[in-house]
Amino acid sequence: MSNVLLQLKNVSVRFDDDQILKSINLDICDKEFVTLLGPSGCGKTTTLRIIGGFVEPDSGEVLFDGKNLLDVPSHKRAVNTIFQKYALFPHLNVYENVAFGLRVKKTPEDVVKKTVKEMLSMVNLKGFERRNISTLSGGQQQRVAIARALAVNPRVLLLDEPLGALDLKLRKDMQVELKNIQKRMGITFIYVTHDQEEALSMSDTVVVMNQGVIQQVGSPEDIYNEPVNAFVADFIGESNILDGVMLEDYKASFSGHVFDCLDKGFDKNEAVDIVVRPEDVDVVEPEKGMLCGTVSSVTFKGVHFEIIVDINGFKWMIQTTDYSPVGANIGLYIEPDAIHVMKKSEYSGAYGDYSSFSDEIDKLSELNDGES
Amino acid sequence: MKNNNSAKTQSEKKRSLSGILLSSPYLVWSVIFIVAPLFFVVYYAFTDRNGNFTFDNISKLGDYTGIFIHSIWIGLISTVICLVIAYPMAYIMARSGARRQKTLMMLVMLPMWMNLLIRTYSWMTLLQDTGIINNLISAIGLPRIHMIDTSFAVVVGMVYNFFPYMILPIYSVMSKIDNNLVEAAQDLGCNKLNVFRKVLFPLSLPGVVSGITMVFVPSVSTFYIAGKLGGPSNLLIGDVVETQFKASNNYNLGSAISLVLMVLILICMAVMNKFADDDTNMIV
Amino acid sequence: MKTTSRVYTALIMIFLYAPIAVLIFFSFNSSKSNAVFESFSLRWYKELFNDTQILQALKNTLIIAGLSALISTVLGTAAAVGIDMYRKKWQKSVVLTVTNFPMMNPDIVTGVSMMLLFVFASKLLNINGILGFWTILIAHITFNLPYVILSVLPKLRQTDPHLAEAAMDLGCTPVKAFFKVVLPAIRPGIVTGMIMAFTLSLDDFIISNFTTETFQTLPLQIYSMTKKHVTPSINALSTLIFATILLLLILSNVTQSRAESKLNKEIREGKKQKRGNN
Numbered sequence: 001m002s003n004v005l006l007q008l009k010n011v012s013v014r015f016d017d018d019q020i021l022k023s024i025n026l027d028i029c030d031k032e033f034v035t036l037l038g039p040s041g042c043g044k045t046t047t048l049r050i051i052g053g054f055v056e057p058d059s060g061e062v063l064f065d066g067k068n069l070l071d072v073p074s075h076k077r078a079v080n081t082i083f084q085k086y087a088l089f090p091h092l093n094v095y096e097n098v099a100f101g102l103r104v105k106k107t108p109e110d111v112v113k114k115t116v117k118e119m120l121s122m123v124n125l126k127g128f129e130r131r132n133i134s135t136l137s138g139g140q141q142q143r144v145a146i147a148r149a150l151a152v153n154p155r156v157l158l159l160d161e162p163l164g165a166l167d168l169k170l171r172k173d174m175q176v177e178l179k180n181i182q183k184r185m186g187i188t189f190i191y192v193t194h195d196q197e198e199a200l201s202m203s204d205t206v207v208v209m210n211q212g213v214i215q216q217v218g219s220p221e222d223i224y225n226e227p228v229n230a231f232v233a234d235f236i237g238e239s240n241i242l243d244g245v246m247l248e249d250y251k252a253s254f255s256g257h258v259f260d261c262l263d264k265g266f267d268k269n270e271a272v273d274i275v276v277r278p279e280d281v282d283v284v285e286p287e288k289g290m291l292c293g294t295v296s297s298v299t300f301k302g303v304h305f306e307i308i309v310d311i312n313g314f315k316w317m318i319q320t321t322d323y324s325p326v327g328a329n330i331g332l333y334i335e336p337d338a339i340h341v342m343k344k345s346e347y348s349g350a351y352g353d354y355s356s357f358s359d360e361i362d363k364l365s366e367l368n369d370g371e372s
Numbered sequence: 373m374k375n376n377n378s379a380k381t382q383s384e385k386k387r388s389l390s391g392i393l394l395s396s397p398y399l400v401w402s403v404i405f406i407v408a409p410l411f412f413v414v415y416y417a418f419t420d421r422n423g424n425f426t427f428d429n430i431s432k433l434g435d436y437t438g439i440f441i442h443s444i445w446i447g448l449i450s451t452v453i454c455l456v457i458a459y460p461m462a463y464i465m466a467r468s469g470a471r472r473q474k475t476l477m478m479l480v481m482l483p484m485w486m487n488l489l490i491r492t493y494s495w496m497t498l499l500q501d502t503g504i505i506n507n508l509i510s511a512i513g514l515p516r517i518h519m520i521d522t523s524f525a526v527v528v529g530m531v532y533n534f535f536p537y538m539i540l541p542i543y544s545v546m547s548k549i550d551n552n553l554v555e556a557a558q559d560l561g562c563n564k565l566n567v568f569r570k571v572l573f574p575l576s577l578p579g580v581v582s583g584i585t586m587v588f589v590p591s592v593s594t595f596y597i598a599g600k601l602g603g604p605s606n607l608l609i610g611d612v613v614e615t616q617f618k619a620s621n622n623y624n625l626g627s628a629i630s631l632v633l634m635v636l637i638l639i640c641m642a643v644m645n646k647f648a649d650d651d652t653n654m655i656v
Numbered sequence: 657m658k659t660t661s662r663v664y665t666a667l668i669m670i671f672l673y674a675p676i677a678v679l680i681f682f683s684f685n686s687s688k689s690n691a692v693f694e695s696f697s698l699r700w701y702k703e704l705f706n707d708t709q710i711l712q713a714l715k716n717t718l719i720i721a722g723l724s725a726l727i728s729t730v731l732g733t734a735a736a737v738g739i740d741m742y743r744k745k746w747q748k749s750v751v752l753t754v755t756n757f758p759m760m761n762p763d764i765v766t767g768v769s770m771m772l773l774f775v776f777a778s779k780l781l782n783i784n785g786i787l788g789f790w791t792i793l794i795a796h797i798t799f800n801l802p803y804v805i806l807s808v809l810p811k812l813r814q815t816d817p818h819l820a821e822a823a824m825d826l827g828c829t830p831v832k833a834f835f836k837v838v839l840p841a842i843r844p845g846i847v848t849g850m851i852m853a854f855t856l857s858l859d860d861f862i863i864s865n866f867t868t869e870t871f872q873t874l875p876l877q878i879y880s881m882t883k884k885h886v887t888p889s890i891n892a893l894s895t896l897i898f899a900t901i902l903l904l905l906i907l908s909n910v911t912q913s914r915a916e917s918k919l920n921k922e923i924r925e926g927k928k929q930k931r932g933n934n
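Protein chains in written order, with the working numbering: chain U, 1 to 372; chain W, 373 to 656; chain G, 657 to 934.
Treat the hints as calculated values from the structure; they're not laboratory data. Among these hints, one or two may not hold up.
Capping the alpha-carbon separation at 30 Å, the derived lysine-lysine pairs in BS3-like fashion look like this [stated by the list, open to error]:
1. G:LYS658 to W:LYS548
2. U:LYS31 to U:LYS114
3. U:LYS105 to W:LYS386
Pair ranges (Cβ atoms, derived) [unchecked claim]:
4. G:ASN782 to W:LEU508: 16 to 24 Å
5. U:SER345 to G:GLU916: 56 to 64 Å
6. W:TYR415 to U:ARG103: 55 to 63 Å
Note that the coordinates shown come from a computational prediction; the quantities given were computed from them, not determined experimentally. Where a beta carbon is used, it is the ideal one built from N, C-alpha and C, also for glycine.
Okay, chain U solo, but in the shape it has when bound:
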């Protein structure tokens, strides 16, 4: 994972008055599974379209194998795309769709035949050659799109929310299948999604974006365990984000208590954001807890209970397997390695506690927003 294949340098794009990308810098390695993750309108799709050759940036460079990519028209790039709604050609059958790119390149007919057969068997669509596109289910159309893009042997495959239109179960299956295909083909996948779970489970590297800016680049574990700011912490998984003060190295104060932690290198008494994941909080007897509070709601989630605890006006979310009734007084115990300290950023204070459940509203607005 060392050889860089694709480089974006200071790439900026604006549509009319909207700055879509603000001087993006990104290196993507060969054979890597990279996911661009962010809410709609964050610029992830635009980034993908720049690499695909469908949007020209206003400034900045894109290098492919060290050579300038921006001068190469889209049809000559060794990069192929799986489009959001697949963009299968409705007037061609499955076989002709997969053969399309090869035909354009004037590939000999026997090679076409062999490649199409290979591709269709790879995506488990053997026997569908003569079928009309309109008679396929969403999942099948998805597979045809993958076979069509891979048939021309690209170095990089761009996937724009490819699983967005599928139902949950099919989505999970396709996630595994896509990952397998990427490994088998040994090529780079650049994957765009707003689904953090999808991003974490599939990627080698996750690029979190918001408002045209890359927030954080790292492995799924890094992103989850060491978010750089409140936005990333809130967007990836559930988190309790509190105002705190770094008293000295390994000592943080928040919620009226001084905690041991593993972070260092901050100024003395620097104001910071503290992140504690709900599953990292242990529920103990009130007298044994570092913090104490009253349970204000309990929701059964199958594997665990989701408990909202009110501590000094801040609503904590805790995921635990132990049931505590509403109104119970409980203590919280937090291990040093469960505390993540982040520098203050523009997002500080933007994401509060769980006093109002914003999840559902987030999801609704995501559905309503068109992707840009």
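Using the hints provided, position chains W and G relative to the given structure of chain U.
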């Protein structure tokens, strides 16, 4: 950063440019053959035979006020009758099964494919004093009725020729009304009459409006029908225009009449469209 | 309720078809009358087929309809594709207003205005008797264009904008992508537009009446025939036209429903296959 401000992304700009390039033959064509001819109408309307500016043609229009009013009257009557006949038919079509809808649609369309001249000619033979209808009437012992060369015959011809244009738009709007709306209205306590009054009719109005324009415009402006069925006393404005251009060779007066006709009709359409907008707004 | 609507439908159909039925019936009449049937004869058909003027007019009509449909389809499709690419709203609305104009304007005014243009051109170019083949062709192309454009534009809007990109992504140049992918996707709209243009052109007589003198089409021929007296050859001609239209409609319906049932069958089989896979 400076060059950023000017760009509406370069790819977009290129697309827009090739769009104009692709449509340019049509743009040139429409300027020469749609826009320019209208200026000629205006030019001829305000000049005399020698090309000198004059208001004579416009002032002579006074002589044709009667014909204008008669044309609009005939157009209005024909349009109303078309609406009254066509609306129930469109409703019946929209409420029947898919296969039946298709067949009825075809049956309504089929006569429209016949030439207007032929359709009018057939009525001419039917309505004559010695025509089939009168033969039938006298066969049952009643006196023959004089129908040809009357306003009645003109209206019959107009209605026959244009009422499919009334059915089609109303039908196509009605067939797209979600049946759930009807059921919802019934659920909320509407009886059949109220479902029609409160749901179906308001929703079908856009179709009614476009049907009215599609019938009114040709029935006011066409020639031939009135000439054939109405005789010399029932000439309409279209027939007058035709005479000016084809027989009297008075292009100037003909242009003046055409200009007024065009303006009248465009005003009518604008008013209709305004109505339609207001109506739909009211519903929403 | 049901019987009421049946009766109503029947009455409408009688109103629509009785005049045509009468024409057809009397086309086989041996006498000149359109009211009294004497005896069966094919006299008027014979007369029709011996009328070289009518046959020539028929040929002319087909030439004009074919040519004007073809040219307006090419011009109009290019225009629609171009208009769809405009990014500025005002450009689009100006062009669409001009496009809509001939459809709203009374035909007679369109015809008269074009006649004035041609007369002006004939003075300018010093050509006598300019009103003929070329002028009627131009006129027909002009009134066909809006119908082509307005039937192609919605298809373009329905087409997934990513289709062309997908083709380019797979190695097509933009031009090739258009012909290989976009064109097939909007083909139904183009075909509809072309058929509409063809039939409008076949049928037109108001605009033709003002834009040609030397070049006679069938509607113009019928016009001059009915100007004088009742001529039963028109009955024969009408019958033939009606039969042709009926035949074409039935044919197109049969092929359409065949294609539909084929697609339905495929979908049904697809569902079966899917079930089998699961």
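Consistency of the hints with the structure:
For the proposed pair LYS658 of chain G and LYS548 of chain W, the alpha carbon gap of about 22 Å is at most 30 Å, so the pair holds. For the given pair, LYS31 of chain U sits about 25 Å from LYS114 of chain U by alpha-carbon distance, which is consistent with the 30 Å threshold. Note on LYS105 of chain U and LYS386 of chain W: the hinted pairing holds, with a Cα-Cα distance of about 26 Å set against a maximum of 30 Å. Roughly 59 Å separates the CB atoms of ASN782 of chain G and LEU508 of chain W, a value that falls outside the hinted 16 to 24 Å.
Hint check: SER345 of chain U to GLU916 of chain G, Cβ distance near 59 Å, so the stated range 56 to 64 Å holds. For TYR415 of chain W and ARG103 of chain U, the hinted distance range of 55 to 63 Å is satisfied, since their beta carbons lie about 57 Å from each other.
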